[in-house]
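Number of protein chains: 2
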Amino acid sequence: MPAEHTVKAFTEDLDKIERSLLEMGGLVEAQIARAVTAVAQRDSESAARIIEQDSEIDRYEQDVQEQVERLFALRQPVAQDLRMTISAIQIAGYLERAGDLAASMARRSIVLCETREVPGLYALPKLGDASHTMLKDALDAYRDRNIDQAKSIRHRDRELDDMYVALCRELLTHMLEDPHRITPGVHLLFVAKNLERIADHATNIAELVDYVTTGTRASEDRPRGRGFLMEGAPSPDDPT
Amino acid sequence: MPAEHTVKAFTEDLDKIERSLLEMGGLVEAQIARAVTAVAQRDSESAARIIEQDSEIDRYEQDVQEQVERLFALRQPVAQDLRMTISAIQIAGYLERAGDLAASMARRSIVLCETREVPGLYALPKLGDASHTMLKDALDAYRDRNIDQAKSIRHRDRELDDMYVALCRELLTHMLEDPHRITPGVHLLFVAKNLERIADHATNIAELVDYVTTGTRASEDRPRGRGFLMEGAPSPDDPT
Numbered sequence: 691m692p693a694e695h696t697v698k699a700f701t702e703d704l705d706k707i708e709r710s711l712l713e714m715g716g717l718v719e720a721q722i723a724r725a726v727t728a729v730a731q732r733d734s735e736s737a738a739r740i741i742e743q744d745s746e747i748d749r750y751e752q753d754v755q756e757q758v759e760r761l762f763a764l765r766q767p768v769a770q771d772l773r774m775t776i777s778a779i780q781i782a783g784y785l786e787r788a789g790d791l792a793a794s795m796a797r798r799s800i801v802l803c804e805t806r807e808v809p810g811l812y813a814l815p816k817l818g819d820a821s822h823t824m825l826k827d828a829l830d831a832y833r834d835r836n837i838d839q840a841k842s843i844r845h846r847d848r849e850l851d852d853m854y855v856a857l858c859r860e861l862l863t864h865m866l867e868d869p870h871r872i873t874p875g876v877h878l879l880f881v882a883k884n885l886e887r888i889a890d891h892a893t894n895i896a897e898l899v900d901y902v903t904t905g906t907r908a909s910e911d912r913p914r915g916r917g918f919l920m921e922g923a924p925s926p927d928d929p930t
Numbered sequence: 691m692p693a694e695h696t697v698k699a700f701t702e703d704l705d706k707i708e709r710s711l712l713e714m715g716g717l718v719e720a721q722i723a724r725a726v727t728a729v730a731q732r733d734s735e736s737a738a739r740i741i742e743q744d745s746e747i748d749r750y751e752q753d754v755q756e757q758v759e760r761l762f763a764l765r766q767p768v769a770q771d772l773r774m775t776i777s778a779i780q781i782a783g784y785l786e787r788a789g790d791l792a793a794s795m796a797r798r799s800i801v802l803c804e805t806r807e808v809p810g811l812y813a814l815p816k817l818g819d820a821s822h823t824m825l826k827d828a829l830d831a832y833r834d835r836n837i838d839q840a841k842s843i844r845h846r847d848r849e850l851d852d853m854y855v856a857l858c859r860e861l862l863t864h865m866l867e868d869p870h871r872i873t874p875g876v877h878l879l880f881v882a883k884n885l886e887r888i889a890d891h892a893t894n895i896a897e898l899v900d901y902v903t904t905g906t907r908a909s910e911d912r913p914r915g916r917g918f919l920m921e922g923a924p925s926p927d928d929p930t
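One line per chain: the protein sequences are V and W, in this order. Residue numbers in the first sequence follow the working numbering, run continuously in steps of one, and reach 930 at the last position. Residue numbers in the second sequence follow the working numbering, run continuously in steps of one, and reach 930 at the last position.
Please keep in mind that the hints were generated in silico from the structure rather than gathered at the bench. Errors might be hidden in some of the hints.
Which copy is meant is left open, so a pair is good if it fits within one copy or across any two.
Said to hold, decoys possible - Below, computed lysine to aspartate or glutamate pairings styled on EDC-like, alpha-carbon distance capped at 20 Å: (1) Lys816 - Glu867; (2) Lys883 - Asp851; (3) Lys698 - Glu708; (4) Lys883 - Asp790.
So that you can see chain V by itself, here it is in the shape it has in the complex (with noise of 0.2 Å):
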């Protein structure tokens, strides 16, 4: 029976590179997490190990992009395995960018051990979590190849723009409010905008979900936030 013998090995396959994308999805959930942690609790102890484990995504990445080569030379996939096995390697891809991501997170957060603080950051942590928990739940919804789930991410996405321009507005009334905190204010800005940049890869990912199960593209005209533009930003002329 060769004929089933290459259809089980075929699905032993795709099987194994949609494996390594979970657990390269499982470790670069953990590293933003804990970059956001380092951050909130200046610990560039942490921050160090973050940034050493960012070698370890790649390697997944490397390892994806491989096994996907293979499986293009050896099978010949066509329809939805055709669709599955392309998307790995965009997937792979965002994955890769989200855990740099988290490691330059995790720099910035070793140098804003030596500024001053920015006080009541609540919104940070929060941030964190949002855009976490999108990317969590798109690698899910890629798992179960759940649509609806898919579908959700996107409008999500526009909620956690809002959330981050609400937090740069906070950020740039304390720079404007006490020069000591420009420094450290900008570190914290390029923060926010790392977390909200991982929440469009999750968004990214979430898109895939419907290529791959219909073979439709997300049209490019994503719902989009505001973004940090700013009109009516906080200035130096406004009472405090």
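Here the structure of chain V is known, so what remains is to put chain W in place on it, guided by the hints.
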């Protein structure tokens, strides 16, 4: 001669994908150059056109993805053809993201029109030029399968990181001197970050030249610039 006919059709398909990628790249290059000018000259009309044109770049990405999917399904590429086909999805992704970064700069340039000018930012157009040229050269290296040129781009990425750090320090000094420059300064920091990211995408594309040609993926321990970590950054207590 069905075999020869198939080979010819295959080569034509691959050539068409490559043409689409290079056209897409040309459009992205133009968007980046225009966005830097829009920021430097506070030209909100040009910025609006850049934002509008971003959807054309998205359509190119979708078109490349569809061509790749068709080629996989119909022609089952192997060896170098397989690698070229896989890398086409990745390059389209990097270019789409570089286009997004150009549109993001354009959006910030519109907000900048409403803020106080930050004087003497000679370094910004210089960074813009360097980043734009790197992307152009990466695409040329890809088109010509020129491994040496691709290698030189990795080293230029480091130089560009240094330019980026210098510009960030300059901006920070302006922000510390005059609180009216904090809001425009933050926007310009993000514009600088976008240009640094575009150069990263150029480096990603350059790394794929090696992969397509020889089958080896660049190791991830890319020479890393210091980033914008601002050790010893200007402080409000420094004499100015």
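Okay, the hints, checked on the actual structure:
Taking identical chains as interchangeable, the C-alpha atoms of Lys816 and Glu867 are never at most 20 Å apart, the minima being 23 Å within one chain and 32 Å between chains. With identical chains, the CA atoms of Lys883 and Asp851 are at most 20 Å apart both within one copy (10 Å) and between copies (19 Å). For the identical chains of this complex, Lys698 and Glu708 are intra-copy neighbours only, at 15 Å inside a copy versus 35 Å across copies, given an alpha-carbon limit of 20 Å. In the homo-oligomer, the alpha carbons of Lys883 and Asp790 lie at most 20 Å apart both inside one protomer (13 Å) and across protomers (15 Å), since each shortest distance falls under that limit.
In the structure shown, a violation is registered for the earlier hint numbered 1 alone.
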